[in-house]
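Protein chains: 2
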Amino acid sequence: MPTVKSSSKALLQNLPRQRGFFVGHGGSDRMARLVMKFGGTSVADLERIHNVARHVKREHDAGHEVAVVVSAMAGKTNELVGWVNDMPRVAGANASFYDAREYDAIVASGEQVTSGLLAIALQSIGVDARSWQGWQIPVRTNLAHGAARIDDIDGSMIVERMGQGQVAVVAGFQGISPDNRIATLGRGGSDTSAVALAAGVRADRCDIYTDVDGVYTTDPRVAPAARRLDKITFEEMLELASLGAKVLQVRSVELAMVHNVRTFVRSSFDDPDSIDSSEGANPPGTLICSEDEIVEQQTVTGIAYAKDEAQISLRRVADKPGVAAAVFGPLAEAGVNVDMIVQNVSEDGSVTDMTFTVPDSDLQKALNTLETSRSEIGYEVAQSDPGMVKVSVVGIGMRSHAGVASTAFKALAGKGINIRAITTSEIKISILIDADYSELAVRTLHSVYGLDKG
Amino acid sequence: MPTVKSSSKALLQNLPRQRGFFVGHGGSDRMARLVMKFGGTSVADLERIHNVARHVKREHDAGHEVAVVVSAMAGKTNELVGWVNDMPRVAGANASFYDAREYDAIVASGEQVTSGLLAIALQSIGVDARSWQGWQIPVRTNLAHGAARIDDIDGSMIVERMGQGQVAVVAGFQGISPDNRIATLGRGGSDTSAVALAAGVRADRCDIYTDVDGVYTTDPRVAPAARRLDKITFEEMLELASLGAKVLQVRSVELAMVHNVRTFVRSSFDDPDSIDSSEGANPPGTLICSEDEIVEQQTVTGIAYAKDEAQISLRRVADKPGVAAAVFGPLAEAGVNVDMIVQNVSEDGSVTDMTFTVPDSDLQKALNTLETSRSEIGYEVAQSDPGMVKVSVVGIGMRSHAGVASTAFKALAGKGINIRAITTSEIKISILIDADYSELAVRTLHSVYGLDKG
Numbered sequence: 015m016p017t018v019k020s021s022s023k024a025l026l027q028n029l030p031r032q033r034g035f036f037v038g039h040g041g042s043d044r045m046a047r048l049v050m051k052f053g054g055t056s057v058a059d060l061e062r063i064h065n066v067a068r069h070v071k072r073e074h075d076a077g078h079e080v081a082v083v084v085s086a087m088a089g090k091t092n093e094l095v096g097w098v099n100d101m102p103r104v105a106g107a108n109a110s111f112y113d114a115r116e117y118d119a120i121v122a123s124g125e126q127v128t129s130g131l132l133a134i135a136l137q138s139i140g141v142d143a144r145s146w147q148g149w150q151i152p153v154r155t156n157l158a159h160g161a162a163r164i165d166d167i168d169g170s171m172i173v174e175r176m177g178q179g180q181v182a183v184v185a186g187f188q189g190i191s192p193d194n195r196i197a198t199l200g201r202g203g204s205d206t207s208a209v210a211l212a213a214g215v216r217a218d219r220c221d222i223y224t225d226v227d228g229v230y231t232t233d234p235r236v237a238p239a240a241r242r243l244d245k246i247t248f249e250e251m252l253e254l255a256s257l258g259a260k261v262l263q264v265r266s267v268e269l270a271m272v273h274n275v276r277t278f279v280r281s282s283f284d285d286p287d288s289i290d291s292s293e294g295a296n297p298p299g300t301l302i303c304s305e306d307e308i309v310e311q312q313t314v315t316g317i318a319y320a321k322d323e324a325q326i327s328l329r330r331v332a333d334k335p336g337v338a339a340a341v342f343g344p345l346a347e348a349g350v351n352v353d354m355i356v357q358n359v360s361e362d363g364s365v366t367d368m369t370f371t372v373p374d375s376d377l378q379k380a381l382n383t384l385e386t387s388r389s390e391i392g393y394e395v396a397q398s399d400p401g402m403v404k405v406s407v408v409g410i411g412m413r414s415h416a417g418v419a420s421t422a423f424k425a426l427a428g429k430g431i432n433i434r435a436i437t438t439s440e441i442k443i444s445i446l447i448d449a450d451y452s453e454l455a456v457r458t459l460h461s462v463y464g465l466d467k468g
Numbered sequence: 015m016p017t018v019k020s021s022s023k024a025l026l027q028n029l030p031r032q033r034g035f036f037v038g039h040g041g042s043d044r045m046a047r048l049v050m051k052f053g054g055t056s057v058a059d060l061e062r063i064h065n066v067a068r069h070v071k072r073e074h075d076a077g078h079e080v081a082v083v084v085s086a087m088a089g090k091t092n093e094l095v096g097w098v099n100d101m102p103r104v105a106g107a108n109a110s111f112y113d114a115r116e117y118d119a120i121v122a123s124g125e126q127v128t129s130g131l132l133a134i135a136l137q138s139i140g141v142d143a144r145s146w147q148g149w150q151i152p153v154r155t156n157l158a159h160g161a162a163r164i165d166d167i168d169g170s171m172i173v174e175r176m177g178q179g180q181v182a183v184v185a186g187f188q189g190i191s192p193d194n195r196i197a198t199l200g201r202g203g204s205d206t207s208a209v210a211l212a213a214g215v216r217a218d219r220c221d222i223y224t225d226v227d228g229v230y231t232t233d234p235r236v237a238p239a240a241r242r243l244d245k246i247t248f249e250e251m252l253e254l255a256s257l258g259a260k261v262l263q264v265r266s267v268e269l270a271m272v273h274n275v276r277t278f279v280r281s282s283f284d285d286p287d288s289i290d291s292s293e294g295a296n297p298p299g300t301l302i303c304s305e306d307e308i309v310e311q312q313t314v315t316g317i318a319y320a321k322d323e324a325q326i327s328l329r330r331v332a333d334k335p336g337v338a339a340a341v342f343g344p345l346a347e348a349g350v351n352v353d354m355i356v357q358n359v360s361e362d363g364s365v366t367d368m369t370f371t372v373p374d375s376d377l378q379k380a381l382n383t384l385e386t387s388r389s390e391i392g393y394e395v396a397q398s399d400p401g402m403v404k405v406s407v408v409g410i411g412m413r414s415h416a417g418v419a420s421t422a423f424k425a426l427a428g429k430g431i432n433i434r435a436i437t438t439s440e441i442k443i444s445i446l447i448d449a450d451y452s453e454l455a456v457r458t459l460h461s462v463y464g465l466d467k468g
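Order-wise, the sequence lines are chains A and B. Per my numbering, the very first residue in the first sequence carries number 15; after that it's consecutive. Per my numbering, the very first residue in the second sequence carries number 15; after that it's consecutive.
Just so you know, the hints here were simulated from the structure itself, not pulled from any lab data. Certain hints may be false.
[Claimed, not checked] Ranges between beta-carbon positions, derived for each pair:
1. A:375 with B:170: 47 to 55 Å
2. B:236 with A:200: 49 to 57 Å
3. B:297 with A:378: 47 to 55 Å
4. B:357 with A:93: 51 to 59 Å
5. A:108 with B:351: 52 to 60 Å
6. A:375 with B:92: 37 to 45 Å
7. A:200 with B:170: 28 to 36 Å
8. B:108 with A:294: 30 to 38 Å
9. A:339 with B:140: 36 to 44 Å
10. A:339 with B:92: 54 to 62 Å
11. B:274 with A:108: 42 to 50 Å
12. A:201 with B:297: 29 to 37 Å
13. A:295 with B:108: 26 to 34 Å
[Stated by the list, open to error] Residues of chain A clear of chain B, computed beta-carbon distances all greater than 12 Å:
14. 55
15. 125
16. 304
17. 335
18. 363
19. 384
20. 411
21. 429
Predicted model only: the values in this text are computed from it and were never measured. C-beta atoms are modelled at their ideal positions from N, C-alpha and C, and glycine is treated no differently.
Working from the sequences, and respecting the hints, build out all of it.
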């Protein structure tokens, strides 16, 4: 009985890889086991659900074992969430406080509908299929209703049915909690469902069908020279997703990394019949995989950017132990999401400047909180600038290559772009600049690291 | 652990009545256990769901233990059923054939949403509540997906929670089948859910809140002199429901009769706060109960009518054994719903006439079927008349009163109404007449049996 414990990182990670399939892995005579995931736009109406069924039939006809994870029809989740939010007010309550367990029962119905419709669509074109709700599999979660974590997936029944040629159509975004109630995984949770299911059934690959045909070196709307990546490591994708690339939910990438689930991002809008699903074929898309599957690693893989950041600088803060806690503790309590933090070492050890960023939408709340804590923190002036952009250079090759950061600084300086803050990690450099220069900065960095197609 | 086996008529019927409550039963000091059921119109939007919550709070505040059964929001089931019907065609299938198990998974989502919203609405006005899906209770059904029968309801968890003051909000219309899948009870199944739950938790009463304020002696739109009945027996209600009175599903009345569930039909549109729910109060509505709760039984309780019947007469049918089977066997196979059947004894024992009714909508199919079987049956002419109406006189007192039928015949003759066919049972007389006379016939019979309000 294959299971996945997302709380136990080692469990599935060390299982032997049973099969090789597709993109770079040597062929095996066995057919593959696939999890296919389709989001709300891909199942927005009956015609699109039929299109999804054709994608599934193609893989099924190629001899693969297939499980499909579906989201709610586009707009449906928003409608249900709207009702949940409005119900307390309509009932005369002052605030929109609601029971997260009821939220889950209501909102999970969207995926339930899609799973049944896709099963019917598949049956109508001659593919044996059945729908599975989270509680039927079961997908066991913790008790954090509304934002639950998957603890365990019992893939045994689905594996058995797949072995009989039946396609499993799984309602995404949901599981069953220890109190025997439906628990949802939080918005965008269907990506997470798909990756967890792929781990639970030990799939060879998890295909995420989406409205783009892969992961790009940067946003093609900003830099027309952007290229689609054939492969990217889990670590890089995690940074890109965290930095604003909206292809995949951050949690699903984490889960894929922990359980080594090879995740393939591809387009749901391609004609299903034009795609070759046989072994060794190379359909368009981006494979997110472990480092060892990528033979020649680029130094820099992509450029991400995140808009609507606000910079806050506290001037002449007392440079003493505990001051960071005095600043960021109250902000965390107020629910302000602090991102980049830069603190200069003071010249004389007495006062220093502290700079950090928050989302534009949190700026006023952050300033109010700081004002309340002013005497405790002991700063002189709080300056703020909304409308900043964070541009990030990501690449696993940075770990072994020096000078990546200085190349960025030099290139931006050459275009007269002022750098307001810098933070770095092992595989990324983030730079805060004025929003006016964001496109120029993205294009400049994309070019200087040799990412332009050509 | 109280259970209800609808397949075993004796199981609950012989349980001791634990409590007396309301309308005619002597008071007890204990509070009552109630099941309240609200249909789709009563939960059509958030405002109405709030109104339902106020009805529930009133009973809860009066000290009663309360479980609520809800339908899907009005229109929702039709939308979901429409998708199920359309999906095969959109997928290119020739016919709208679909898997009833998937139908169930899809359509049951409507009640799931309402149950969660009502739980939130109750919590918002200070009433502890939680939603229950069929699989959580569980409500166990047979395998007849799409039109399942309830085999067993485990009321233990709900009884425990009700005892703690928590209102159970139960998604109607659904249970879980032996294959661990959602099973729905067929359209209108929420009435059945409510009555079955009332049996399962041994409720003192099952309140069906609907868009009318009770069961009337006849349709008030046809006979303005119609009166609301305070009480009616299960048997009479069963006849009325079967004969076209749309207040309750036939199945739910059968179930109420078998398990002796006192069922109270009342309006969901009354102001919740204007109703007295204390013991001994007598709110407007009709109690459906066993004969022994009705002290003075009327001879005739009500007049029902069913429109859009078609009469078929086979002339000069060979009067020999097996001819009825030769006529009605093929019709049953063709799915034609035959209702009244009248066969005269032939004068000379050789040929006879046979008359029966079918729904207008089945008439052409019936005639085609009869034409195909013509040589086998051996009739001379098949005559048909669409647009008939069946008027029925119902009353449990008929069992002990002679002359009820002749009163009807005399009254109709006095108005010049021609009787085309007659069938009778122990407690009803059904008369087929031309549709033109239906209102006149209903009013005449209503008056002649002393049912007019006065």
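Quick rundown of the hints versus the structure:
A hinted range of 47 to 55 Å holds for the C-beta pair residue 375 (chain A) and residue 170 (chain B), which are about 49 Å apart. One distance hint, 49 to 57 Å for the beta-carbon pair residue 236 (chain B) and residue 200 (chain A), holds here, with the actual separation near 56 Å. Taking the beta carbon of each, residue 297 (chain B) and residue 378 (chain A) are about 53 Å apart, inside 47 to 55 Å as hinted. For the pair residue 357 (chain B) and residue 93 (chain A), the beta carbons lie near 57 Å from each other, so the given range of 51 to 59 Å is met.
Remark: the range hint 52 to 60 Å for residue 108 (chain A) to residue 351 (chain B) is upheld by a beta-carbon distance near 55 Å. Look at residue 375 (chain A) against residue 92 (chain B): about 40 Å separates their beta carbons, and that is inside 37 to 45 Å. Between residue 200 (chain A) and residue 170 (chain B), the C-beta spacing of about 33 Å keeps the proposed range 28 to 36 Å intact. Against the hinted window of 30 to 38 Å, the Cβ-Cβ separation of residue 108 (chain B) and residue 294 (chain A) comes to about 37 Å, which satisfies the hint.
Between residue 339 (chain A) and residue 140 (chain B) the Cβ separation comes to about 40 Å, which falls inside the hinted range of 36 to 44 Å. The hinted window of 54 to 62 Å between residue 339 (chain A) and residue 92 (chain B) holds, with their beta carbons roughly 58 Å apart. Taking 42 to 50 Å as the suggested C-beta distance range, the pair residue 274 (chain B) and residue 108 (chain A) conforms, at roughly 45 Å. A hinted range of 29 to 37 Å for the beta carbons of residue 201 (chain A) and residue 297 (chain B) is inconsistent with their spacing of about 45 Å.
Range check, residue 295 (chain A) to residue 108 (chain B): about 32 Å between beta-carbon atoms, so the 26 to 34 Å window is met. Interface exclusion of residue 55 (chain A) from chain B stands, the closest Cβ pair being 17 Å apart, more than 12 Å. With a least CB separation of 9 Å from chain B, residue 125 (chain A) falls inside the 12 Å interface cut-off, contrary to its annotation. A cut-off of 12 Å between C-beta atoms confirms that residue 304 (chain A) is not in contact with chain B; the least separation is 37 Å.
Non-interface status of residue 335 (chain A) relative to chain B is upheld: no Cβ of that chain comes within 12 Å, the nearest being about 46 Å off. Listed as a non-interface residue, residue 363 (chain A) keeps its Cβ farther than 12 Å from every Cβ of chain B; the least gap is roughly 55 Å. Listed as a non-interface residue, residue 384 (chain A) keeps its Cβ farther than 12 Å from every Cβ of chain B; the least gap is roughly 35 Å. Look at residue 411 (chain A): its CB is around 47 Å from the nearest CB on chain B, clear of 12 Å, so calling it non-interface holds up.
Every CB of chain B lies more than 12 Å from the CB of residue 429 (chain A), the least distance being 52 Å, so the non-interface label holds.
This entry does not satisfy hints 12, 15, going by the numbered hints stated previously.
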